[in-house]
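**Q** Below are the chains, spelled out letter by letter.
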Amino acid sequence: MKALKAMFIAALVGASAAMTAYAEKLTIATVNNSDMIIMQELSSEFTKKTGHELNWVTLEENVLRQRVTTDIATGGGQFDIITIGAYEAPMWGKDGKLVPLSDMPASYDMDDVFPTVRDLLSHNGVIYALPFYAESSFTFYRKDLFANAGLTMPAEPNYRQFRAYAEALHDPENGVYGVCLRGKAGWGENMAYVTTMVNAFGGRWFDMNWRPQLDSPEWKEALTYYVDILNNFGPPGASSNGHNENRALFASGKCGMWVDATSAAGYIYNPSDSKVHDKTDFTRAPSARTDRGTGWAWAWALSIPKSSKKTDAAKQFLAWSTSKEYVDLVGERKGWTVAPPGTRKSTYNDNYYKAAPFARTVLNSIMAMDPTKSTLLPVPYTGVQFAAIPEFQSIGTQVGQFVAAAVAGQMSVDEALEKSQSATDRIMRQAGYY
Amino acid sequence: MKSNRVLLSILGWVIGFIIFFPILWMVMASLKTEIDAVATPPSFFFTPTLENYFVVQNRSNYLNYAWNSIVISVFATLLAILIAVPASYSFAFRPTKRTKFKLVWILSTKMMPPVGVLIPMYLFYKNMGLLDTHLGLILIYTLMNLPIVIWVLYTYFKDIPQEILEAAQMECDGLLKIFLYILLPLSKSAIFSTSLLSIVLIWNESFWSLNLTAFEAAPLTAFISSYSSPEGLFWAKLSAASTLAILPIMFLGWVTQKQMVKGLTLGAVK
Amino acid sequence: MKLRVLSDYPAIVVLLIWMLGPLIATIYYSLIRYNLLNPRIKGFAGIENYEFLLTDFVFTDSIYNSIQLLGSIIGITVVLGLLISYLLDQDLYGGRLLQLVIISPFFVMPTVSALIWKNLLMHPVNGYFTYLLGLFGLPPIDWFADIPLGSIIIIVSWNWLPFAVLVFITAQQSMSLEIKEASKMDGAGHLAFFFQIYLPHLGKAIGAVVMIQMIFHLNIFAEIFTTTTGGPGTQTTNLAFLVYRKALLDFDIGGASAGGIISIVFANIVAIFLLRMIAKNMNSD
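Protein chains in written order, with the numbering used here: chain A, 3 to 436; chain B, 17 to 286; chain C, -3 to 281.
Next up, chain A with everything else stripped away, as it sits in the complex (with noise of 0.2 Å):
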């Protein structure tokens, strides 16, 4: 009787330890966007679950980078998970700076994923980061403006059309502005957009021996257009409007037309956060010599740094937080529009549809992305609206920079692209390309 009771209190005392013991404390550094943020508040959810903790570092994009990028390249060790972007997570995969993901329990149902997304996030087909949302771009518009011109929108613009339709929208004594588009500088601000329209019209850039072309044709006849249609149909300031400015702009009211993130559909079409809600409608973002690379490929993602101590733990809350019951949790308890969109094709079920009838065409556009078929030239690099390589980060703000300079007329065009083609040429030299 005796050695039974010790061996039950034993048994006890060792389960408790054992849970105690496992129950974790994970500091997860993210950027602070509407899904993370629903995220957070969700994520108690997650610890009645399982019992780990998390401790939520939200960081502004541009800090978190440079502060996760730190980490990681130091192997510092501050992070059990990290935000990150389909633009580190295959380079750093590669080096071998994040926990690889191939080993999902089949209840994750990795296939359900899209594989063009899962792709964004995969080197030699090892998947590096658990993606909770993925976005493409395409035009946003009004159609209440267009009727009242008497102008339709067609399935598949071009941006000769896209020019006429923003001349006959400006109105700025009626506080409308034919079309807002991304100026502000930074590599994932308005180069993300201007790199799409170079595609469109056909350019790229690097050539296959790393060559950078921005002095070419394709760049300048882009360029051109995208200072002029700024400059004439757009609004005041456009050099300083990133990705949020231009949102608000358009939800309330003051855009005719806007190209950008399809992840933004869900808040256009929200009542709460958008006058125009019941007034927009959507199409692919235009296209000129060719659509290949019109439509941007994304996806903010989960990962491990391989310098963490607690990857098991980590990895239960990687895979609670991209899951089916995830997107199902967040559809019932916020609404459907604002579910993380673009990465699961159970996401796309009828509920979905209903509450969010630009999920079509967002849906078609994520499975249009391929970030290796993004130019007519052939290309060394991947990526549609940046080039994977390290260094596009630095060349990227800083082109970024010429070009906003050039929508804000401090440097004609011509001058913004020397000065980016000079500066490409430096930095690609530098690090040993050619």
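What the hints contain is simulated information worked out from the structure, not anything from laboratory work. Among the hints, a few may not be true.
Cross-link-like lysine-lysine pairs, in silico, BS3-like; alpha carbons within 25 Å at most [claimed, not checked]:
1) B/Lys142 x A/Lys308
2) C/Lys38 x B/Lys142
3) A/Lys99 x B/Lys142
For chain A, the structure is supplied; the task is to place chains B and C on it using the hints.
**A** Quick look at chains B and C alone, frame taken from chain A:
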């Protein structure tokens, strides 16, 4: 002459209003709804709401961040003052030929942009286990502020006229006694205002505080970063977060204002 | 004798260690090829990093911008600071409260103040300045596109004006009441008093304000990062921001370290220059 005073006061308050306006506007924005905050034309009249403060408090643990800010700035300042006061005293009252050189050299140690040494420091801190610790930030801020504190104290000490020193030397002997019983009381306000300056500088320092901390030791600058430019409308929330972030330091400034400006009571020393 | 040695030693020793460590590390890194993200880059570089930086056309722009920023901000804060602290010294109604009000911008975090100025005040669509201009029938100014450096100067000056005011107020307290009474009885008007008695008395304080601001403003970073990220073009890229780009965008540690060393050299040149200008005031006591 009364009218002179009235005129000058009006002038003073107009200037004060202009200078204070951005802060006033920010506090007002924090009490507006998001849509009101970006409405054109912007207005002084609106129905106020406290919802932003609630959202901010729910989403991030403000008190944790505030506590970190307080601990780090106070301790780093204490440490800096401890090391600086004897040095400034010696520079001011016992100057030698090398003093000026030493002073300039001290200042020059602060001339490297922090961003230039980020990676070496990060590696160093990582190896010493100082990442994301209060001690780590306290050390770096003490060292960063030491030059400023020494310089400002030196300036104030130099203002103490020689007569007092000489009178004191005749009364008591021993440098230490002079230091403790005469100079320290006289320089109280200088030390107070220098401390306040140091606390404010550390409170507002964003580079090291963002890069060397993650969660445990993250101060209010990290708190603000999570509200700056996320997606969607956020001005009201950012304003609320900012108001919360500067509240403690404004309070400190108000409370210590008297001490700061009381000044050396030269008139009373006869 | 002994006490003196004891009292300034700790500070000197501490600073020596603190400064030498990172300095040596930085010099070392500046002489090698080292990129955190690109393990292919390695080896001894000699003066390559320096050459590369000095031949970059952005570099000359950044030096020019750094000087412009420094000069303008110091000029504005010292001049306005002197005027305001003189005004506050007069016995005003609600003087103490007014003092607090004027000092308050110093407590606002640079990031926050940049965001507020950029988005609530200077924004060409939603900003308050746009509204004010509109009242006079004037078109909105796109501050950060048209006068980017000027906008940064305004923001930083607003943040630091209180510092100058604070130092000057504290320094002027030591002006003995007798001097003030005497000059008033002599019939000295404000102007004469200001230039002949007030200014010279505050000489050292002015010197301190200039020197301290010099340290901070040569390395202005947060405001630029938050508002313009160095642009448009290179118009708001100062030396510190250039180093940031090298360090945290390129992750080119070699280049960033070279930039750091160049910054120190540059800062020392500026310091010597400023010291000469202020040396007169310091010695005249």
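**Q** The structure should be examined with respect to each hint, and the outcome stated for every one.
**A** Do the hints match the structure? See the list:
1. Restraint check: the Cα-Cα separation between lysine 142 of chain B and lysine 308 of chain A comes to about 15 Å, which is no more than 25 Å; the hinted pair holds.
2. Among the hinted pairs, lysine 38 of chain C with lysine 142 of chain B is consistent with the structure: their alpha-carbon atoms are about 23 Å apart, no more than 25 Å.
3. A threshold of 25 Å between alpha carbons decides the hint, and for lysine 99 of chain A with lysine 142 of chain B the separation of about 17 Å falls inside it, so the pair holds.
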